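As given, the protein sequences belong to chains A and B, one line each in that order. FYI, in my numbering the residues of the first sequence are 182 to 396. FYI, in my numbering the residues of the second sequence are 182 to 396.
Wrong hints could be hidden among the right ones.
Copies of the same chain are indistinguishable here, so a pair counts whether it falls within one copy or spans any two.
[Claimed, not checked] Using 20 Å as the maximum straight-line C-alpha spacing, the simulated EDC-like pairs for lysine to aspartate or glutamate come out as follows:
hint : residue 1 : residue 2
1    : Lys361    : Asp342
2    : Lys218    : Glu208
3    : Lys264    : Glu385
These are calculated hints, taken from the structure and not from any lab test. On a predicted model such as this, the values are computed, not experimentally measured, just so you know.
Residues per chain are reported as follows:
There are 2 protein chains.
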Amino acid sequence: MEKVPEPTLRRLPWYLSVCRLLKQRGEQYVSSTRLSKETNIVASQIAKDLSCVNIVGRTRVGYDIDNLLEVLENFLGFTRIHKAFLFGAGRLGSALLNDTGLKQFGLEVVAAFDTSPRIIGHNVAGIPVYHINELEAKMRRHNVKIGILTVPIDRAQEVADKMVVWGIKAIWNFTPLRIKVPENIVVQNTSLYAHLSLMFNRLEGLEGEPATNDI
Amino acid sequence: MEKVPEPTLRRLPWYLSVCRLLKQRGEQYVSSTRLSKETNIVASQIAKDLSCVNIVGRTRVGYDIDNLLEVLENFLGFTRIHKAFLFGAGRLGSALLNDTGLKQFGLEVVAAFDTSPRIIGHNVAGIPVYHINELEAKMRRHNVKIGILTVPIDRAQEVADKMVVWGIKAIWNFTPLRIKVPENIVVQNTSLYAHLSLMFNRLEGLEGEPATNDI
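The shape of chain A in the complex, shown without the other chains (with noise of 0.2 Å):
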């Protein structure tokens, strides 16, 4: 399979959202102009997008849903456990380890790491809290490659070389504080504070401005 443009990878959880839906309502076939109508992206790039997967629809019938949920599962990576430690259990950090949601889609995160004394040796939701000088010790016991990064902004980027330095390969960043790392490292950004801000922005701006859907 090719190389998927980020576009389009961007656009496959709609798709797959819908089906769910559908599955869910007792249905078997989508059209592309359903898959339209329920995601406003327009037809002929709804093909596009699932041709990129190896989708290919049915004339007059459409999509199959469930082998549509089984390959957009598949491929997103949802259908597979990625293990994972989270840095930072504090507010944001505590918060993801409470989403259950997370483990849905394919995440789990079998510690955290903290410095604060009155949460080190305590679990989080089930999960253990250690401190982060034990990364090295958790990181030969468990085979992780995913960090979540949700530790205030003064620390980040020193926790984030340590992630890097004992071996994590992939950094989700919650923080809003845009990290340096290594070329072959994955950096994911998703700062809530930051889309708050489009939010706040975008409603202020409401009058004569048409509305935005944005990922």
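Got chain A sorted already, so can you dock chain B onto it with the hints?
For chain B alone, kept in the frame of chain A given last:
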């Protein structure tokens, strides 16, 4: 002030974070070269972005950090409290209610809505949970324009419709579903699971691929 382009809007929070960090370290001025080093954004772009919010640096001195902080926090909407309702106090919803960081960035959740008798009438992180049927009454009491959508996907569109009917103007959509709203409603999508799949995909394509550092 002219309308700030969206790519600029997406970069401004990065500059804000660096400034907060430098202020914590007792620094007073920051050059665009320094900002560039900390954010991996070219200095000329930074100067352009900051001029969009009427910030101009001084030759050889750079930008005054206190001034940058004030203008950026104000422009990004973090200095004003925006009231919000949260819809769906399940896993992710409760996690967000527990994230007191949101308030520091200008978002105050004043009430949550759900349909589960197990949770209605209770507080989550000090925030009362009401039945969704009480939305109309609560909208009349509070001046709320923002709704956070964290319901399961099979309820997402229906709850979004209710929000719009009762006067919500901006929806922060955490569901992986692309909701349909009238043109004058702002939708900010933050799908953690879509970001997760992007990260999985990059991680699997790691060999020989350059690092991606995307918002």
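Against the structure, the hints:
For the homomeric pair Lys361 and Asp342, the shortest alpha-carbon distance inside one copy (8 Å) is at most 20 Å, but the shortest distance between copies (42 Å) is not. In this assembly of identical chains, Lys218 and Glu208 lie within 20 Å of each other by CA distance solely inside one copy; the values are 16 Å within and 53 Å between copies. Only between protomers do Lys264 and Glu385 lie at most 20 Å apart by alpha-carbon distance; the minimum there is 14 Å, versus 41 Å within a single protomer.
Hint compliance for this structure: no hint is broken.
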